[in-house]
Amino acid sequence: MKRRRFLKLSASACAALAALELQGKGMFRPAVASTGDAQGLPGSLGAKEIPSVCEMCFWRCPIVGKVKKGRLVKIEGNPKSPANDTRVCARGNSGVQLIYDPDRLKYPLKRTGKRGEGKWARISWDEALDEVAHNMNKVRDKYGPHALAYFDHGASAEFMRGIFKALGTENYTNEPAFFQCVGPAALAFIKTMGYITSGTRQYVDMKNAKAILLVASHIGENVHVSHVSEYMEGLSKGAKLVVVDPRFSAPAGKADIYLPIRPGTDTALLLAWMNFIIEKGLYDKDFVKSHCTGFDDVKAAVKKCTIEWAAPICDLKPEDMKKAIITLAEARPHVAIHPGRHATWYGKGDTSRHQALGMLAALFGAVGVPGGLYFPTPVKKGHSECAECGGEPETPDESIQEDYYPFASMFGSPTSKLVEASLTGKPYPVKLWGINGVNILQTIPDPYKTMEAINKLDFIFCEEIMPTETAMWSDIVLPGATYLERYDAVYSYDLLTPYITVRQPVVKPMFEVKSSYWIARQLAKRLGLECFQAKDIREIIEEELKPAGLSLESLNKKGGLVPIKAKPYRKRKDLKFKTESGKINLSVTDFEDEDLDPIPKFIPTPAPPKGYARLIYGRVPVHTFSRTMNNKWLHNEWPENQLWLNDEVAGKIGLKDGEEVVLENQDGYKSLPIKLKVTPGIRADVVYMAHGYGSRSKMLTKAFKKGASDQFMITEYINDPFMGASSHRTNFVRIIKGNKVINIPDLCPIPPQIPRFKLKNAASAKTGGKK
Amino acid sequence: MEELAENAGIEIGHLSFTPEELQQAYTRLFINSPGGIPAPPYASVYVAGQGLLMQEGYGQAQDFYQRAGLEPLNKEEPADFLPVELFFVAVLLEKKAFDLLSEFLGTHLLKWFRIFEERVQAANPHPYYSLLARLTLFYLTKLNEEVFG
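Going down the list, the protein sequences come from chains B and D.
Using my numbering, the first residue of the first sequence is number 206, and each one after it goes up by one.
Using my numbering, the first residue of the second sequence is number 1327, and each one after it goes up by one.
Do not rely on the hints blindly, as some may be mistaken.
In silico lysine-lysine, BS3-like type, Cα no more than 25 Å apart, as pairs [to be verified]:
(1) D:Lys1468 <-> B:Lys279
(2) D:Lys1401 <-> B:Lys740
(3) B:Lys763 <-> B:Lys776
(4) B:Lys815 <-> B:Lys319
(5) B:Lys713 <-> D:Lys1401
(6) B:Lys509 <-> B:Lys494
(7) D:Lys1422 <-> B:Lys273
(8) B:Lys815 <-> B:Lys273
(9) B:Lys253 <-> D:Lys1437
(10) B:Lys585 <-> B:Lys770
(11) D:Lys1437 <-> B:Lys274
(12) B:Lys274 <-> D:Lys1468
(13) B:Lys857 <-> B:Lys815
No wet-lab data here; the hints were simulated from the structure.
Since this is a predicted model, take the numbers as computed values, not measurements.
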């Protein structure tokens, strides 16, 4: 073949081969003059800097994305930010590896195999959205609006929520953020203090505290940059630290007094402490008199709760308990009683436990003062109706919210009730799930039941970034843009160092991923809903910025962030709470009206059955939920979790540090293999693992089967009677090594007040019938 | 495709498929699949063995485009997406920019495409994609010999 002819042929061949993919007539254009990306400089030097907001976790630190030739090369904290300055955490840094992970979702996908199997075909956005809209209409017409349910979390979920609401379902929100996390704590503080002292944020001034109390909060193992820095600053200025935790956590290592409490008995400790300070006069009499209601009832209710009563329940030494409460009392009112965050532990007493924390803070007068609980600073921010979808949910004959749990509707539909309704059709059928921003199979207790429920659905779709378990179980997968590729909204921060900022794309969306607003708007159009009028989300942002005297342009000129003067404290005489009485409710009549305890009581949670230990869980500082385990950098830092096992227990059953074991829970379910960490830093009646590992999605090439999942061991749950959250620390495990089932020796005597958990089917558990 | 195969002297045999079949096969090979996709169609994944998008391979591709005074029109796909690089080859041929083409093939495209092609063939691909990968390798190799010589 002659050279010329071949070259010509090759040219058309290459064009033809390329065109098979992109139908590209012209794929190139003459280069526009360089935008001054400082060619040739190493690393992130000379990069274009774009301010935005992180979403590697929900704390949402202000960041700057450094971009060279359209490629994000580095993320740093926004130096204008008074909260985190140039700092970001390991996860914040690793956003770079989220957008460039080859495993990420890239195009709309349609399931072609069985649910959960992971067989997909790429389809167009039109086809994907048509299919979702068609099924939403079909299910709604056939079963009524409540057959639609939305599982939502985080910034990506907000717009689509409006669609479900507009379609009339009461199940337009059931955030695991509430029902698997902060719900009971949020409710307790709303009713006690009149505001969400603990929700997304915790308004607790550890920076200026003279003493800090952490009840199973393990700051530093969970990292929110400004929160951790303030805690460290407080400690460095000499704050005394009291840590209550069955496990010797990172903060336990910094504690002046560490109380290794028996799980499930925290409320007994708090009641005894309240009684102690009331009896010894170690509370703030003036504050209680002027700013609290219900003190006399509380005094009477806790009278019998002596330190000596609580000590055997909590498995603590009376002198340590006294020393701790005196340490806290001496610092009053500058004592930071951390309100806690993840609160769905044991089901029955969860709301009461956080109510007790709020009461303790109130008795110390530690509210609205430096070092105590404080108030959010109001931030002037507009609201755009274009961001909304209108429409009010209809009320079903029998609601799965208030007909079961009196305070559920403040948060939405309890997740566990939705799973049950999908399985049983009672009180009404639920036939379609939309999921956005949450990996439900690694979040909601009893994933086996969740999978069973999914198999009964007519349709399930998700908007996702990574091919998680949830994506694998979906019929249609809508690939969402990451936080680095989209506008979202105006973000304000109302803690000690307030500011206003905005999330904006630092790079263009890759592949065919779309922003949450675009997806919601397109879907609403297909459903015939008149909402999301703004063509471009920037119109919404401009409207939201206006009352602050800002525009996107002016905000960006100021570095993308404007600090605001903080107003966290109040003079005592100006104190007014947003409760009916204007005071702190030490006794909550709203609870009493619903036949719930107005004042916390100690409700024992069953102790482990013989041969088992309670499974507890927590976080590692480099990961968020089950969301970041496939991130290359973060995976490299902490690829798998370990099972913490008490050293004395390990000695008695002949297990060594580093050995690989499998767990079997009380219902016979087995875990993926996990390595042991044998340590004196955990009680003998509990074992611990970090949450989020043990992915079952084969699509996540780095995270798949790395470590074990606590979630897949949580099959027993109890609902919080106040708001319907489901408990996570009511499961028990024993160890399998090789083929041998090893019972955990009983080293912690149980007092008569605490019953043991009764195995449902001892025989099946013994033989380990299930996988 | 028949013509391309004939010119390359490659036997096509009997190829039959439905569009849905190809959709599924394409998704499994190149988009998302259990165990990870066998052959991500981006230079960045192969160059320096980084296994990530938008790394060195991406930078290399961008540099070549810049040297030719061009930039990709499609901003959604990374610049080192295989079809973009193939189209760039066609453009260079049309421009008769043989030296740059030789360098592009020898130091970049062919280097990673060989690994890519092996990974496609090892993944039990649909015959359509197996053939497509073979054809592409054939033409790129031939072309490299021609422009080099």
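Checked hints:
As the CA atoms of Lys1468 (chain D) and Lys279 (chain B) are separated by approximately 40 Å, the hinted pair breaks the 25 Å bound. For the hint pairing Lys1401 (chain D) with Lys740 (chain B), the CA-to-CA distance comes to about 21 Å; that is within 25 Å, so the pair holds. Under the criterion of a C-alpha separation no larger than 25 Å, the hint pairing Lys763 (chain B) with Lys776 (chain B) is inconsistent with the structure, at around 33 Å. Between the alpha carbons of Lys815 (chain B) and Lys319 (chain B) the distance comes to roughly 40 Å, so the proposed pair goes past 25 Å and is violated.
Simply put, Lys713 (chain B) and Lys1401 (chain D) have alpha-carbon atoms about 7 Å apart, close enough for the 25 Å limit, and the pair holds. For the given pair, Lys509 (chain B) sits about 23 Å from Lys494 (chain B) by alpha-carbon distance, which is consistent with the 25 Å threshold. A C-alpha spacing of about 30 Å is found between Lys1422 (chain D) and Lys273 (chain B), which places the hinted pair above 25 Å, so the restraint is violated. Distance hint between Lys815 (chain B) and Lys273 (chain B) is unfulfilled; the C-alpha atoms sit about 60 Å from each other, more than 25 Å.
In summary, the hint linking Lys253 (chain B) to Lys1437 (chain D) is not supported, as the alpha carbons are separated by about 31 Å, beyond the 25 Å threshold. For the suggested pair Lys585 (chain B) and Lys770 (chain B), the alpha carbons sit about 12 Å apart, so the restraint of at most 25 Å is met. Proposed proximity of Lys1437 (chain D) and Lys274 (chain B) is supported: the alpha carbons are some 23 Å apart, at most 25 Å. For the hint linking Lys274 (chain B) to Lys1468 (chain D), the alpha-carbon distance of about 32 Å lies beyond 25 Å, and the restraint is violated.
Pair hint Lys857 (chain B) plus Lys815 (chain B) holds up; C-alpha atoms about 15 Å apart against a cutoff of 25 Å.
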